[in-house]
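Asker: Those protein sequences? They're chains Y and V, same order as listed. So the first sequence is residues 1 to 275, counted in the numbering used here. So the second sequence is residues 276 to 469, counted in the numbering used here.
Taking CB as the label site, the calculated pair distances span:
1. V:338 with Y:190: 22 to 28 Å
2. V:289 with Y:203: 35 to 41 Å
3. Y:104 with V:338: 46 to 52 Å
4. V:361 with Y:114: 34 to 40 Å
5. V:290 with Y:181: 39 to 45 Å
6. Y:67 with V:315: 40 to 46 Å
7. V:420 with Y:203: 45 to 51 Å
8. V:439 with Y:104: 46 to 52 Å
Treat the hints as calculated values from the structure; they're not laboratory data. Glycine is no exception: its CB is placed at the ideal position from the N, C-alpha and C atoms.
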Amino acid sequence: MSRHSGHGPLVAFTSFAIAGAGLIVAAASLEVVHHHLFPPALVAGVLLQALGLAVSLGHLGQKRRAAMAMWGVGRSALSNEVLLAPLALACGALAAGISLWGRPMPALPVIAGVVNAAFLLSIGLVYRVGGQRTWQGFSAFTPLTAGCAFGAIAIQALSVTGGILGMVLLLVVLDAAVFVQRWREVVAIRIPAASLTGSGMSHRGQLLGARFVLLDVLPFVLLLAWPTPLAAAIAATGLWVDRVGFYALALQRTTEHEVAEVEEALASARKPHES
Amino acid sequence: MSGAGFLLDLHRCVGCGACVLACRIENGRVLATAWRRVLPLNLSRQPAGPTYFLSVACHHCEEPACLRGCPSGAYEQRPDGIVVHREELCLGCRYCEMTCPFGTPQFDAEKGVMSKCHLCAHRVDAGLLPACVGACPTDALRYVPATAVPPADTVRFVPGFVDPAGCQPALHFRTPAGTRRVELFRHLGEALRR
Numbered sequence: 001m002s003r004h005s006g007h008g009p010l011v012a013f014t015s016f017a018i019a020g021a022g023l024i025v026a027a028a029s030l031e032v033v034h035h036h037l038f039p040p041a042l043v044a045g046v047l048l049q050a051l052g053l054a055v056s057l058g059h060l061g062q063k064r065r066a067a068m069a070m071w072g073v074g075r076s077a078l079s080n081e082v083l084l085a086p087l088a089l090a091c092g093a094l095a096a097g098i099s100l101w102g103r104p105m106p107a108l109p110v111i112a113g114v115v116n117a118a119f120l121l122s123i124g125l126v127y128r129v130g131g132q133r134t135w136q137g138f139s140a141f142t143p144l145t146a147g148c149a150f151g152a153i154a155i156q157a158l159s160v161t162g163g164i165l166g167m168v169l170l171l172v173v174l175d176a177a178v179f180v181q182r183w184r185e186v187v188a189i190r191i192p193a194a195s196l197t198g199s200g201m202s203h204r205g206q207l208l209g210a211r212f213v214l215l216d217v218l219p220f221v222l223l224l225a226w227p228t229p230l231a232a233a234i235a236a237t238g239l240w241v242d243r244v245g246f247y248a249l250a251l252q253r254t255t256e257h258e259v260a261e262v263e264e265a266l267a268s269a270r271k272p273h274e275s
Numbered sequence: 276m277s278g279a280g281f282l283l284d285l286h287r288c289v290g291c292g293a294c295v296l297a298c299r300i301e302n303g304r305v306l307a308t309a310w311r312r313v314l315p316l317n318l319s320r321q322p323a324g325p326t327y328f329l330s331v332a333c334h335h336c337e338e339p340a341c342l343r344g345c346p347s348g349a350y351e352q353r354p355d356g357i358v359v360h361r362e363e364l365c366l367g368c369r370y371c372e373m374t375c376p377f378g379t380p381q382f383d384a385e386k387g388v389m390s391k392c393h394l395c396a397h398r399v400d401a402g403l404l405p406a407c408v409g410a411c412p413t414d415a416l417r418y419v420p421a422t423a424v425p426p427a428d429t430v431r432f433v434p435g436f437v438d439p440a441g442c443q444p445a446l447h448f449r450t451p452a453g454t455r456r457v458e459l460f461r462h463l464g465e466a467l468r469r
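Next up, chain V with everything else stripped away, as it sits in the complex (with noise of 0.2 Å):
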């Protein structure tokens, strides 16, 4: 059992992007840069080639790095897990920005601040799911409550998820082998030869 966080099935991802317009849209970030992101993994490099999407946010690491760094606390892990920003305390000197091996915090330059996915908390809050969760049409991206345990056919680290700054990431997947602590690099590497 981890904080909340999201659950991704990489069998039922289209790459629709949905979960970003929604995220975009809940969160009033039309024009700004976007929270979330999909990341195709073309494994073959070729348009026939089996392809995946990896819809990413923020992980609401259990150790969070932008945390840990954040010089003027910024950061604020609430005891669901979920890791808040606050914009009130940011001094917009982009730490987080080199400190998050995922990439996550955005610098917001008409703000100069940082920003990233605090997971809906309000809409959490509110017993609601996050805008993203509720806007997948293939129910591939979940919402993961702070008081479940992970469905075992899950894993929590894939290609993409190298953890080099032990963050512990919130993230699990369900790959297509469906089988626990199956890497899905060797997987689809063997997908790929047959």
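Same shape as in the complex, but just chain Y (with noise of 0.2 Å):
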């Protein structure tokens, strides 16, 4: 991935998806928690996903064989992403539908949660790969908590009738757990000087604490003192912040970092023996 280029589409796929998932996901545990349904959460997180799912097309060099990526579900992780996100779609329009026809039926929004919940995660599978160092352990499960805690912010912060402080509380907590392990994970890896030129690993303190603030800290601070549509602002950019981040600091081991390990331990372990 060092040499990939052309993230937007996946930032922006993903950004999208994490956040209309996370909302279907969010109102989903709305309705059990609460038992309360709130359909705007749902027209707006099937919307989102849609957008996602369109702009992820960006990405490919072969649009028309878009269809194909399926093919491998079961052996490849991209796949089962691929056949779960018009799955997630599909069920959060129903549930959006039946719930703006006035005849909610609440096992309809619980099943789209479901799926969706596990849409997120496959997204987090999908880079859970041997080569990246960065994207190892907890970085799988980011997708599914800060979906989780984005929707949970944005429904306290847009619903007229919000009360739900609790819910949020559980699930940005939730999230500020798992990515402080994530956090933990990427500070603790050594690299070759030489390998930081030109990535974002030499910014991965702002980029990961940008996240963490903007997404677990300031939208729950503000949700606090006043329902403010700000709050859910703040969190969408929190969530960008999270995608950007991710893809920045990705970090292969390819076989020119290891050679440039090699020569850095190598010439470390030399300079006593100089002396």
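Mind assembling these two chains? They're in different frames, but the hints should get you there.
Answerer: Structure (structure tokens):
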């Protein structure tokens, strides 16, 4: 990924898809915990997901072959994600449609929530690849927790009824706990100085810190004071920073990196003999 | 015994780049990104320091990460172990670029698909050597057929070939030590101290 360019469509796709699916999962949680359905969250979630899917095509070199991405279901994590994406969208759309129709069926949002949670997890698993140092461990769970935290914050900020601060707190704390683990993992990685040139890793502290504050801290503090749409806007920015940071911090174990590490290790081992 | 692959003799490689050029010409990649590259390993990071050259392309792994991850099945492993990429099935999603721990697959922006070394399968099938191997003036780069047992004085893992994805690359090295299972890192470290 070090030589990989054109992350724009991936950042946009994952930002929209995670936000959309997160809204649907949070709306489903609201239905389960508070027996309160908030249809606008479902509608917004579906629209964001649809936008994300449309944008994702921009990443493909051969857009006409997009449907072939499902051929590897069961073998390829990417195929699993591609299969779950339209399924999550369809379930969300059905739940939103029925709830808007005025005859809500409580089971539908819950089913949509479960499928969308699976989709969020599948996004994380796509990037769990052996050669990527910064995409290991807890990074697989951040799309799920970040999406849920964003969804809950947005519903609390925009809902006229409100009153779900406890649920928001739970989801935000869960996301913060998972993200802090990822933060620690990334910071613990030792990287040869040569590999840092032109890499987002040289700004990892700022990127990870900004994401944490914008998604997990500021919106919740604002919501404690009063429900304001500003909290949702800040959380959305935090989600976007999360995705930008995720790709910017990609660090592939290429042969070039390994060679640089060996050279540096030998150079540092040699210094005591010289002195 | 593993699948077909390359053997690189670090004693002999002088980093001339003939293999890269031959690959470019054979596969019509004169202007595109090269499938083979030569990496200098300068241990002391000094002009006069001992330098080795790693001529690398696709390692035709026994458990290829590109094949495992490809959503459209564009990668195929032949019975002789050669991993080939089928352009007509490629989406250009570049997932293989993320999954390969050796930075092998290259994105061809003109065609909108990935591409990589196929070990000159067309030449191998015709009983010829891969172009890069045939062009090597010092015999540093060799072809190891699937049926052959790699020489006893070769190793599979040296610095630069950590295998974090468990791919088991079919690449064999004859290290300066020439000793089986002696890591190049340690050997070269000792050489440096002498």
